[in-house]
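Student: Listed below, chain by chain, are the residues.
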Amino acid sequence: MKVFKKIIVFVLTATMVFSLSACSKSAAPETEVKQETGTTATEAPKKIEKIVYSYATFNNIPDEATLGSVEEAINQITREKIGVEVELLPIAIFDYSSNISLALQGGDKVDLFESLGDFNNAVSSDMAYDLTSLIDTAAPETKALLGQDLLNACVKEGKLYGIPTYKPYALTPMVIYKQEIATELGIDMTQVKNITDLTDVLRKVKAAYPDMTPLVPVQTGTSGVNMCIPKVDYLTDDYFSPKGILMGDNMSVVDYYGTTEFSDLCNLTRTWYNEGLILQDAATTTSTSTELMSSDNSFCYVASYSYPPEDTAASLEAQCGGIDLGAVQIGDAYLDTTSVNALSWMVSSTSKAPEAALKFLNLTFTDPEIINLLIYGIKDRDYVLDAEGFVSYPQGLDATTVPYTAQLSCGTLGNFFLMYPMGGTNKDSIAWEEEQNVKAAKSPAMGFTFDSGEVETEYTAVTNVIQQYLPGLLCGSIDPQTAIPEFRDKLTVAGLDTIIAAKQSQLDAWLAQK
Amino acid sequence: MKTVKNKNNRGLTKNGPLLLIALPGIAYLFINNYIPMFGVFLAFKDYSYVKGIFGSDWSGFDNFKYLFKQDAFIIVRNTLLYNVSFIVIGTIAAIVVAILMCELGERFRVKFFQSSMLLPNLLSWVVISFIGFAFLNSDTGFINNSVIKLFGGKEVAWYTTPKYWPVILVLVYLWKSVGYSSIIYMASISGIDKSIFEAAKIDGATKLKQIRHVTIPLLKPTVIILTLMAVGRIFYSDFGLFYQVPMNSGALYDVTQTIDTYVYHGLMELNNIGMSAAAGLYQSVIGFVLVMIANTVVRKVDNENALF
Chain A
1 MKVFKKIIVF VLTATMVFSL SACSKSAAPE TEVKQETGTT ATEAPKKIEK
51 IVYSYATFNN IPDEATLGSV EEAINQITRE KIGVEVELLP IAIFDYSSNI
101 SLALQGGDKV DLFESLGDFN NAVSSDMAYD LTSLIDTAAP ETKALLGQDL
151 LNACVKEGKL YGIPTYKPYA LTPMVIYKQE IATELGIDMT QVKNITDLTD
201 VLRKVKAAYP DMTPLVPVQT GTSGVNMCIP KVDYLTDDYF SPKGILMGDN
251 MSVVDYYGTT EFSDLCNLTR TWYNEGLILQ DAATTTSTST ELMSSDNSFC
301 YVASYSYPPE DTAASLEAQC GGIDLGAVQI GDAYLDTTSV NALSWMVSST
351 SKAPEAALKF LNLTFTDPEI INLLIYGIKD RDYVLDAEGF VSYPQGLDAT
401 TVPYTAQLSC GTLGNFFLMY PMGGTNKDSI AWEEEQNVKA AKSPAMGFTF
451 DSGEVETEYT AVTNVIQQYL PGLLCGSIDP QTAIPEFRDK LTVAGLDTII
501 AAKQSQLDAW LAQK
Chain B
1 MKTVKNKNNR GLTKNGPLLL IALPGIAYLF INNYIPMFGV FLAFKDYSYV
51 KGIFGSDWSG FDNFKYLFKQ DAFIIVRNTL LYNVSFIVIG TIAAIVVAIL
101 MCELGERFRV KFFQSSMLLP NLLSWVVISF IGFAFLNSDT GFINNSVIKL
151 FGGKEVAWYT TPKYWPVILV LVYLWKSVGY SSIIYMASIS GIDKSIFEAA
201 KIDGATKLKQ IRHVTIPLLK PTVIILTLMA VGRIFYSDFG LFYQVPMNSG
251 ALYDVTQTID TYVYHGLMEL NNIGMSAAAG LYQSVIGFVL VMIANTVVRK
301 VDNENALF
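Protein chains in written order, with this note's numbering: chain A, 1 to 514; chain B, 1 to 308.
Worth flagging that the hints you see were computed from the coordinates, not collected in a lab. By construction, the Cβ of each residue, glycine as well, lies at the ideal position given by its N, Cα and C atoms. It is possible that part of the hints are untrue.
What the hints assert, rightly or not - Only pairs whose alpha carbons sit at most 20 angstroms apart, straight line, appear in this in silico SDA-like list of lysine to any residue: (1) B:Lys51 <-> A:Asp130; (2) B:Lys69 <-> A:Asp211; (3) A:Lys352 <-> B:Ser48; (4) B:Lys149 <-> A:Gly276; (5) B:Lys65 <-> A:Gln105; (6) A:Lys352 <-> B:Tyr49; (7) B:Lys51 <-> A:Lys490; (8) A:Lys159 <-> B:Tyr49; (9) A:Lys490 <-> B:Thr161; (10) B:Lys69 <-> A:Asp489; (11) A:Lys109 <-> B:Ser48; (12) B:Lys65 <-> A:Gly453; (13) B:Lys176 <-> B:His213; (14) B:Lys51 <-> A:Gly453; (15) B:Lys51 <-> A:Ser124; (16) B:Lys69 <-> A:Leu507; (17) B:Lys65 <-> A:Glu454; (18) B:Lys154 <-> A:Asp211; (19) B:Lys65 <-> A:Asp497; (20) B:Lys154 <-> A:Gly276; (21) B:Lys51 <-> A:Asp126; (22) A:Lys109 <-> B:Lys149; (23) A:Lys156 <-> B:Val50; (24) B:Lys65 <-> A:Thr492; (25) B:Lys207 <-> B:Cys102; (26) B:Lys65 <-> A:Gly276; (27) B:Lys201 <-> B:Ser48; (28) B:Lys51 <-> A:Gln105; (29) A:Lys352 <-> A:Leu88; (30) A:Lys206 <-> B:Thr140; (31) A:Lys109 <-> B:Lys51; (32) B:Lys194 <-> B:His213; (33) A:Lys442 <-> A:Met251; (34) A:Lys109 <-> B:Val50.
Stated by the list, open to error - Here are a few chain A residues that face chain B, going by a calculated C-beta distance under 8 angstroms: (35) Asp281; (36) Gln395; (37) Gln467; (38) Tyr469; (39) Ser477; (40) Gln481.
The following block holds chain A by itself, in its conformation from the complex (with noise of 0.2 angstroms):
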């Protein structure tokens, strides 16, 4: 019994060694098959550097071989041109921010990355490379591209720390309907000029129609209103979570939530709410508008595009089931530092080649043929071109099926306005577009970039009371007249007061340097 025992033991050790040496040694060849092109690389007579592209896709991410197709393509140019070769890893829109942390983290090797609304925070926990002197020598296209002004947008402490996007940046408030509906309660959506125009309409609506919520929210917990309130300047804050705010032309901060725009608009909502005209639960549900509008259930949304509303409602109706949508403007666009760095590039401090990633950087602005292989993969294979340059997915292909494309990110690598449209937008679109970067009110305090390094306890607790009460507020699941007292006492202990004192005090540094 006690040999039987000892087989036993001997034979279940051998076999856990075994395994275990069977695991190492099935990963040993993929390093060695690493390092060897790693060391042909080097060995090759004009010495070419590599880095790492890593972008966000709300696509499917494709798989390494279609991956490697597409490098090899951006390659052949970038070896040629600047002596660069481009490793992509593209990861998904819901991990980037996690991810890129984790990996500069880590070490992983990352030369460029974007930062997704966190300017500050990329910038304040070192994340960003110096480009000050960089960009002189290795993107001078980029910056006489995009110019002073914008660039501005991602300087901190007189360094420059990123590049912004070029796109698009004027977000115009819009009401998104159903024209169907529209038409057969002949409501003339045109006369709607603004927030409070809507209101009726919601009413008419609700009444041909008693079981419909006409207005659906954007996204959970926002209806899209807070976008309404002309002429704030978020001063680097999340649209979604405004701290302290410039008004107008006032240089003074104040408190978004003492403002009485502010309070109006909840009472608006307030009534919507009330009146049954916006879905119940609008401060909770995890259904998207576009979701939502493709039921029967809902008539229109509010939100902020910076496209022009046609083209808006063209390139919505396919992800809202086919319906036809109409979408008119009601309010004007407004530019501030978030709406311009609120996607910008970076160079990771932690980078070993940051001349050659800010070279590649300059392409993905100033080449069309490396941004639309970037975003539309290989001509013919991913895409087709027609004779007029629209671009549209090969015959029996879609979004969801071709090889490569990233086509959903467009507008988030470099330069926007390099690359192919897509078939069934209008051309006259990117001339609007670009006209309203140049055209739309900018904010007397743009270019100014607010560290919250030093007052990140009150930051923290703040954001917190904001999530408690700011979607119920917008989406008038909750009473303003007793919750926006108690909201802003709230706001009062966690330190609004401190936040809003140093964003005073840094803007007026900023002003007396300007």
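With the hints as your guide, set chain B onto chain A.
Tutor: Same frame as chain A, now just chain B:
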């Protein structure tokens, strides 16, 4: 002296292979649970990606401040009270279920009920939150549309009315966990010597008396060990339960915000590594202190059953 040495040697030859088998497990524990403990440094650092973990500047207790900033009382209260009620109600419910199951007797019935009670435990919180949503949704929910209408009551906006949520959360927790935790008690009950029950029966004890005087006293060691283990995690909360099930509704934060959800909400925007590490350390330290206290109490009352 010699004999002792011999004994030791024999111990090694006897246990050597077993140790070898345990080696992968120990290695895993070391890599997964011990090495990351060095991350504790981060709680006291102003983390910079360039300077790295050890090179970053020290920041003292700055990273901990936000945990005590605002609503600290509400958050700690919620975390502790929910966990205490989960431990108390959960244990009672699990024991009741275990006893009932054991009394069912017939194999098929036991298997059937056990499987159906285990099922919720296999569902993820996201799925459960949508089952909850189907009940509580204010436009189309089952309770508002069928139950309340039937009795002619007034519709309730569940996701914006905090007062119902302590009950809802406890019910949901029980529904999900009771089947699973009753298994351990069922195992202990079937481990009880049948002759004790027979003796009790001969002495004229009814079923209820048997349960009160035999089953429950003999379950005590199991209850104590499981409770002690639960106390160690009393400062952690089930994130899915408190975040997903109330659909992250702001209006409910006063009764649903726990330490984990608070940290998540606060740091989602900031992505601050030092502050997250601080929160983790804070929870572990309090958990450790509570286990020590609970164990001391148990040792005083019933030395045999103390953990150490």
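Student: The structure should be examined with respect to each hint, and the outcome stated for every one.
Tutor: Verification of the hints:
Restraint check for Lys51 (chain B) and Asp130 (chain A): satisfied, since their Cα atoms lie roughly 15 angstroms apart, inside the 20 angstroms limit. Between Lys69 (chain B) and Asp211 (chain A) the CA atoms are separated by roughly 45 angstroms; this puts the pair beyond 20 angstroms, and the hint is violated. Of the supplied pair hints, the one linking Lys352 (chain A) and Ser48 (chain B) holds, its CA atoms being roughly 17 angstroms apart against a limit of 20 angstroms. Taken as a hint, the Lys149 (chain B) and Gly276 (chain A) pair is honoured in the structure, with Cα atoms around 18 angstroms apart against an allowance of 20 angstroms.
Annotation: proposed proximity of Lys65 (chain B) to Gln105 (chain A) is violated, straight-line Cα distance about 24 angstroms (limit 20 angstroms). Using a Cα cut-off of 20 angstroms, the hinted pair Lys352 (chain A) and Tyr49 (chain B) holds, with the two alpha carbons roughly 14 angstroms apart. As the CA atoms of Lys51 (chain B) and Lys490 (chain A) are separated by approximately 37 angstroms, the hinted pair breaks the 20 angstroms bound. For the proposed pair Lys159 (chain A) and Tyr49 (chain B), the alpha carbon gap of about 18 angstroms is at most 20 angstroms, so the pair holds.
Distance restraint check for Lys490 (chain A) and Thr161 (chain B): the Cα-Cα separation of roughly 19 angstroms lies within the 20 angstroms cut-off, and the hinted pair is therefore satisfied. Between the alpha carbons of Lys69 (chain B) and Asp489 (chain A) the distance comes to roughly 14 angstroms, so the proposed pair stays at or under 20 angstroms and holds. Between the alpha carbons of Lys109 (chain A) and Ser48 (chain B) the distance comes to roughly 17 angstroms, so the proposed pair stays at or under 20 angstroms and holds. The hinted pair formed by Lys65 (chain B) and Gly453 (chain A) meets the criterion: a straight-line CA distance of about 14 angstroms does not exceed 20 angstroms.
Pair hint Lys176 (chain B) plus His213 (chain B) does not hold up; C-alpha atoms about 30 angstroms apart against a cutoff of 20 angstroms. Restraint check: the Cα-Cα separation between Lys51 (chain B) and Gly453 (chain A) comes to about 17 angstroms, which is no more than 20 angstroms; the hinted pair holds. About 13 angstroms separates the Cα atoms of Lys51 (chain B) and Ser124 (chain A), which keeps this hinted pair within 20 angstroms; it holds. The straight-line distance between the Cα atoms of Lys69 (chain B) and Leu507 (chain A) is roughly 26 angstroms, outside the 20 angstroms bound, and the hint therefore fails.
Taken as a hint, the Lys65 (chain B) and Glu454 (chain A) pair is honoured in the structure, with Cα atoms around 13 angstroms apart against an allowance of 20 angstroms. This hinted pair checks out: Lys154 (chain B) and Asp211 (chain A) have alpha carbons roughly 18 angstroms apart, not beyond 20 angstroms. Under the criterion of a C-alpha separation no larger than 20 angstroms, the hint pairing Lys65 (chain B) with Asp497 (chain A) is consistent with the structure, at around 17 angstroms. This hinted pair checks out: Lys154 (chain B) and Gly276 (chain A) have alpha carbons roughly 16 angstroms apart, not beyond 20 angstroms.
Taking the CA atoms of Lys51 (chain B) and Asp126 (chain A), the gap is near 8 angstroms; set against the 20 angstroms cutoff, the hint holds. For the given pair, Lys109 (chain A) sits about 60 angstroms from Lys149 (chain B) by alpha-carbon distance, which is inconsistent with the 20 angstroms threshold. With a C-alpha separation of about 17 angstroms, the suggested pairing of Lys156 (chain A) with Val50 (chain B) holds against the 20 angstroms cut-off. Proximity of Lys65 (chain B) to Thr492 (chain A) is assessed by CA-CA distance (about 16 angstroms); at most 20 angstroms being required, the pair is judged to hold.
Proximity of Lys207 (chain B) to Cys102 (chain B) is assessed by CA-CA distance (about 12 angstroms); at most 20 angstroms being required, the pair is judged to hold. Using a Cα cut-off of 20 angstroms, the hinted pair Lys65 (chain B) and Gly276 (chain A) is violated, with the two alpha carbons roughly 43 angstroms apart. In summary, the hint linking Lys201 (chain B) to Ser48 (chain B) is not supported, as the alpha carbons are separated by about 71 angstroms, beyond the 20 angstroms threshold. With a CA separation close to 10 angstroms, the supplied pair Lys51 (chain B) and Gln105 (chain A) stays within the 20 angstroms bound.
Of the supplied pair hints, the one linking Lys352 (chain A) and Leu88 (chain A) holds, its CA atoms being roughly 17 angstroms apart against a limit of 20 angstroms. With a C-alpha separation of about 17 angstroms, the suggested pairing of Lys206 (chain A) with Thr140 (chain B) holds against the 20 angstroms cut-off. Pair hint Lys109 (chain A) plus Lys51 (chain B) holds up; C-alpha atoms about 16 angstroms apart against a cutoff of 20 angstroms. With a CA separation close to 14 angstroms, the supplied pair Lys194 (chain B) and His213 (chain B) stays within the 20 angstroms bound.
The straight-line distance between the Cα atoms of Lys442 (chain A) and Met251 (chain A) is roughly 13 angstroms, inside the 20 angstroms bound, and the hint therefore holds. A distance of roughly 13 angstroms separates the Cα atoms of Lys109 (chain A) and Val50 (chain B); the hinted pair therefore holds under the 20 angstroms criterion. The beta carbon of Asp281 (chain A) is positioned within 8 angstroms of a beta carbon in chain B (closest approach about 6 angstroms), and the interface hint is therefore held. Evaluation of the Gln395 (chain A) hint against chain B yields a violated restraint, the C-beta minimum of about 38 angstroms exceeding 8 angstroms.
The interface hint given for Gln467 (chain A) is met, as the beta carbon of that residue sits about 5 angstroms from the closest beta carbon of chain B, less than 8 angstroms. Because the beta carbon of Tyr469 (chain A) sits about 6 angstroms from the nearest beta carbon in chain B, less than 8 angstroms, this interface hint is met. A cut of 8 angstroms between beta carbons decides the hint on Ser477 (chain A): the least distance to chain B is about 5 angstroms, and the hint holds. Evaluation of the Gln481 (chain A) hint against chain B yields a violated restraint, the C-beta minimum of about 15 angstroms exceeding 8 angstroms.
When the structure is compared with the earlier hints, violations turn up for hints 2, 5, 7, 13, 16, 22, 26, 27, 36 and 40 and for no others.
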